[in-house]
Amino acid sequence: MSKIWLITRREYLTRVRNKTFILSTFLFPAVIILFIVGSVLIQTQSRSHARIAVIDANGYFKDYLKGDSSITFDFSPGIDTANYAARGCTAVLIIPVLPQGKITDYRLKYKTQLSLAGTDDLKNRVNDAIVDHMIYQQTTISRGRLDSIRNQSHIGNLHTFEDQGKTAKASNQTMSFVVGYVSGILIYILTFIYGAMVMRGVMEEKTNRIAEVVVSSVKPFQLMMGKITGIGAVGLTQFLMWVILVVGLTVVAQGFLSAETWRTVQHAQQASQVGGAAGRTSEMASRVAKLDSAVSSVNLGLTVVLFLFYFIGGYLFYSALFAAVGSAVNEDPQEAQSLMMPITLPVVFSFIIMTIAVQEPTGPLAVWASIIPFSSPIVMMARIPAGVPGTVPYWQLGLSMLLLILGFLGTVWLAGRIYRVGILMYGKKPTWKVMWKWAFRES
Amino acid sequence: MNILEVKEVRKTFATQTAVDQVSFTLGQGSIFGLLGPNGAGKTTLIRMITGIFYPDSGSIFFQERPFSALKDSIHIGYMPEERGLYKRMKIGEQAIYLAQLKGMSRSEATRKVREWFARFEMQSWWNKKVEDLSKGMGQKLQFVTTVLHQPRLIILDEPFSGLDPVNANLIKEEIYSLAHQGATIIFSTHRMEQVEEICDHIILMNQGRKILDGTVAGVKQEFKENEFRIGLDSIPSSALDTDLFEVVERQDGQLVVKIAGGHRPNDVLRFFIDRGIGITSFTEILPSLNEIFIKLVEGTSTARQFHSL
Chain L
1 MSKIWLITRR
11 EYLTRVRNKT
21 FILSTFLFPA
31 VIILFIVGSV
41 LIQTQSRSHA
51 RIAVIDANGY
61 FKDYLKGDSS
71 ITFDFSPGID
81 TANYAARGCT
91 AVLIIPVLPQ
101 GKITDYRLKY
111 KTQLSLAGTD
121 DLKNRVNDAI
131 VDHMIYQQTT
141 ISRGRLDSIR
151 NQSHIGNLHT
161 FEDQGKTAKA
171 SNQTMSFVVG
181 YVSGILIYIL
191 TFIYGAMVMR
201 GVMEEKTNRI
211 AEVVVSSVKP
221 FQLMMGKITG
231 IGAVGLTQFL
241 MWVILVVGLT
251 VVAQGFLSAE
261 TWRTVQHAQQ
271 ASQVGGAAGR
281 TSEMASRVAK
291 LDSAVSSVNL
301 GLTVVLFLFY
311 FIGGYLFYSA
321 LFAAVGSAVN
331 EDPQEAQSLM
341 MPITLPVVFS
351 FIIMTIAVQE
361 PTGPLAVWAS
371 IIPFSSPIVM
381 MARIPAGVPG
391 TVPYWQLGLS
401 MLLLILGFLG
411 TVWLAGRIYR
421 VGILMYGKKP
431 TWKVMWKWAF
441 RES
Chain U
1 MNILEVKEVR
11 KTFATQTAVD
21 QVSFTLGQGS
31 IFGLLGPNGA
41 GKTTLIRMIT
51 GIFYPDSGSI
61 FFQERPFSAL
71 KDSIHIGYMP
81 EERGLYKRMK
91 IGEQAIYLAQ
101 LKGMSRSEAT
111 RKVREWFARF
121 EMQSWWNKKV
131 EDLSKGMGQK
141 LQFVTTVLHQ
151 PRLIILDEPF
161 SGLDPVNANL
171 IKEEIYSLAH
181 QGATIIFSTH
191 RMEQVEEICD
201 HIILMNQGRK
211 ILDGTVAGVK
221 QEFKENEFRI
231 GLDSIPSSAL
241 DTDLFEVVER
251 QDGQLVVKIA
261 GGHRPNDVLR
271 FFIDRGIGIT
281 SFTEILPSLN
291 EIFIKLVEGT
301 STARQFHSL
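In order, the protein sequences belong to chains L and U. Under my numbering, the first residue of the first sequence carries the number 1, and numbering increases by one thereafter. Under my numbering, the first residue of the second sequence carries the number 1, and numbering increases by one thereafter.
FYI, nobody ran anything at the bench for these hints, they're computed from the structure. Owing to the predicted nature of the structure, the values given are computational and were not obtained by experimental measurement. A virtual CB, placed ideally from N, CA and C, is assigned to each residue, including glycine. Accuracy of the hints is not assured; some may be wrong.
[What the hints assert, rightly or not] Sample of chain U residues lacking proximity to chain L, with all beta carbon distances greater than 10 Å (derived):
hint, residue
1, M1
2, Q16
3, S23
4, Q28
5, E82
6, K87
7, R88
8, N127
9, E173
10, V247
11, R270
[To be verified] Short derived list, chain U residues pointing at chain L, Cβ under 10 Å:
hint, residue
12, G84
13, Y86
14, V130
If we strip away everything but chain L, and leave its shape as in the complex, we get (with noise of 0.2 Å):
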């Protein structure tokens, strides 16, 4: 044991004393911020701004079709699918005679598409003018009192919560949503991130021959473990400084923000307190408050722990695998790459279903790929914010957990099994079946 940690104590420090370390450190929240800062920039300055001709066969469309600032609507006269490219429109919309009782298609004809976003925004506000029509059309209503009640409709707010037996917990699906994606994308990174650099540490020794020397002294499991763990722990260390660089540069920033940004802050959070204050009148409102002081920092106290717990899971599952064929292969980086295959595919994929399972996380693919060791690391992250235990059972993240104890504990035992001969061996690189044989013949 005293060994184990001899070995992982070297590895821990020849690497958190290397410049290549610091520099990553401090290089990543910068690159990280900058990615943010620079995609919200560019997104804030080019808002697509789509200008749709129509050509209306039934005559009220100009009334009743509202554009705003991300799309506009041009009638002009003479406007037809032959030129209104050379008009300055995006696309155009043509819309035949819509008799009552059937339904009949308008077409719209684009140079550049729309978004997603902007189709359904346009079938949206086609419907709407249709609607009005009918409205103005079929009842007494003048047009002024119609548009004056749209504008006073915005009333209502939806607020969700996530019900959790005596208390209930104010959820945000787009905070779930983001911490989800956020901690699948950082497990999946520092898996390979680790993973490889267990790997190079394994091939170094090797191609060194000082495995050799020290495998007179210690055991080859020792050897490897000690190297997983001092890894291991050099991964938590870089993340924790990274959390606490990335919450000191906030904490700066906002010492830079401007006085007005700052106001504009506090005008809104004391809007929000009135409005909670004219509520709690009703016995409505009293239930909700009652919900909100239900709202308990629970899930982010959770979430850091199980993040915690599906990083190292996942780290030492994978690691060992990578242990395994940095100690079966030589010099040639080429070698180890495709003995590589097999471990980084199932690590892509969970990726792939994690990306998924953020949309959807009670969907079975996501389910079942959360529970499974190979991609729960990733996939399980990805589902936890959105509540446990009610969008993630207790028995699914139970059953995931001791999975991934007993997949790491099978890997590693495996990798030993591997390890032990690899390292001493030269020469041909060995083929799956052939480590196969190392993990399982008697010796």
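Given chain L's structure and the hints, the job is docking chain U onto it.
Chain U alone, transformed into the frame defined by chain L:
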């Protein structure tokens, strides 16, 4: 006391038998040469003695108790043929680390490393990295890390390769002094002149089997061919026809003769004395280990043969 006893040890890999029923014993304080051509099974045998491999059958006794890799590794120092050190680790740090892996405490290891670095005049290397060292310097460092923890059994695989004569002598002196202090040394090499110079006892392996075992002097006696070099003041051009001996080589004032079976050196001397030829010198020619080695190994295939199981 026997420090090491190897009994009918055998190790088979998937397609070949690397070590086949090898037995030998090693007394404390001896310098032992493990010889053999490439692929004879020396490295596999050494790896079993160091606990890296387990023998398929047979047993190994260390200090007259069954060998336990975990307990006994602290008493063994092993310097493999292919040198291995962490390239990017500082030298002092590295030597301490390797000693700690052998079970020394950090303070004890630090003290020992300083002591050995001083002896080899390596103090100024402390904060250098291995990648900054020349091959010979790396070799010295490797030697230091091998003997640092005062092992009772030291296994050196080609310890002098890459060393200049001055440094080779330095290490040779250390080997003698370690043996004098009671350590036993296993010395594996192809360089026969070094074996003759250093070793008391040798075994020769070929194709996984032990084919020769004995002291250096004993082996030479066993393989001598009854050849003598005789210095003569005048060499008769004829009249050497005798069934006593056969002239192997004729040089200026010297004859190399092979004495026929059943005759003794005295008979040869009497032969020349009787003919009034003055004898200036008379020495027995013993075969060099190199000759014995080649004689025994030649004719067998030089590489391990693969066979299907």
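Q | Interface exclusion of U:K87 relative to chain L, criterion Cβ beyond 10 Å | A | Per Cβ check, U:K87 is inside 10 Å of chain L; nearest 6 Å; violated.
Q: Say whether it holds or is violated: U:R270 keeps its Cβ farther than 10 Å from all Cβ of chain L.
A: holds (59 Å)
Q: Take a quick look at U:Q16 and tell me if its Cβ sits farther than 10 Å from every Cβ on chain L, holds or violated.
A: holds (13 Å)
Q. Against chain L, with CB atoms and a cut of 10 Å, does the hint on U:Y86 hold up?
A. holds (6 Å)
Q) Taking C-beta pairs only, is U:R88 more than 10 Å away from all of chain L? A) At roughly 7 Å from the nearest Cβ of chain L, U:R88 sits no farther out than 10 Å, so the non-interface label is violated.
Q | Verdict on U:V247 as a residue remote from chain L, using beta-carbon distances over 10 Å | A | For U:V247, whose nearest Cβ neighbour in chain L is about 51 Å away, the distance exceeds 10 Å, so it holds.
Q) Any CB of chain L closer than 10 Å to the CB of U:V130? A) holds (9 Å)
Q: With 10 Å as the threshold, tell me whether U:E173 passes as away from chain L on beta-carbon distances.
A: holds (23 Å)
**Q.** U:M1 and chain L, when compared Cβ to Cβ, separated by more than 10 Å
**A.** holds (23 Å)
**Q.** Minimum Cβ-Cβ distance from U:N127 to chain L exceeds 10 Å
**A.** holds (13 Å)
Q | Beyond 10 Å from every chain L Cβ - status for U:S23 | A | Non-interface label stands for U:S23: nearest chain L Cβ at 21 Å, farther than 10 Å.
Q. Regarding the assertion that U:Q28 does not contact chain L, is the least Cβ-Cβ distance greater than 10 Å?
A. Since the minimum Cβ distance to chain L is about 20 Å, U:Q28 lies beyond 10 Å and the statement holds.
Comparing the model with each numbered hint stated earlier shows that hints 5, 6, 7 do not hold.
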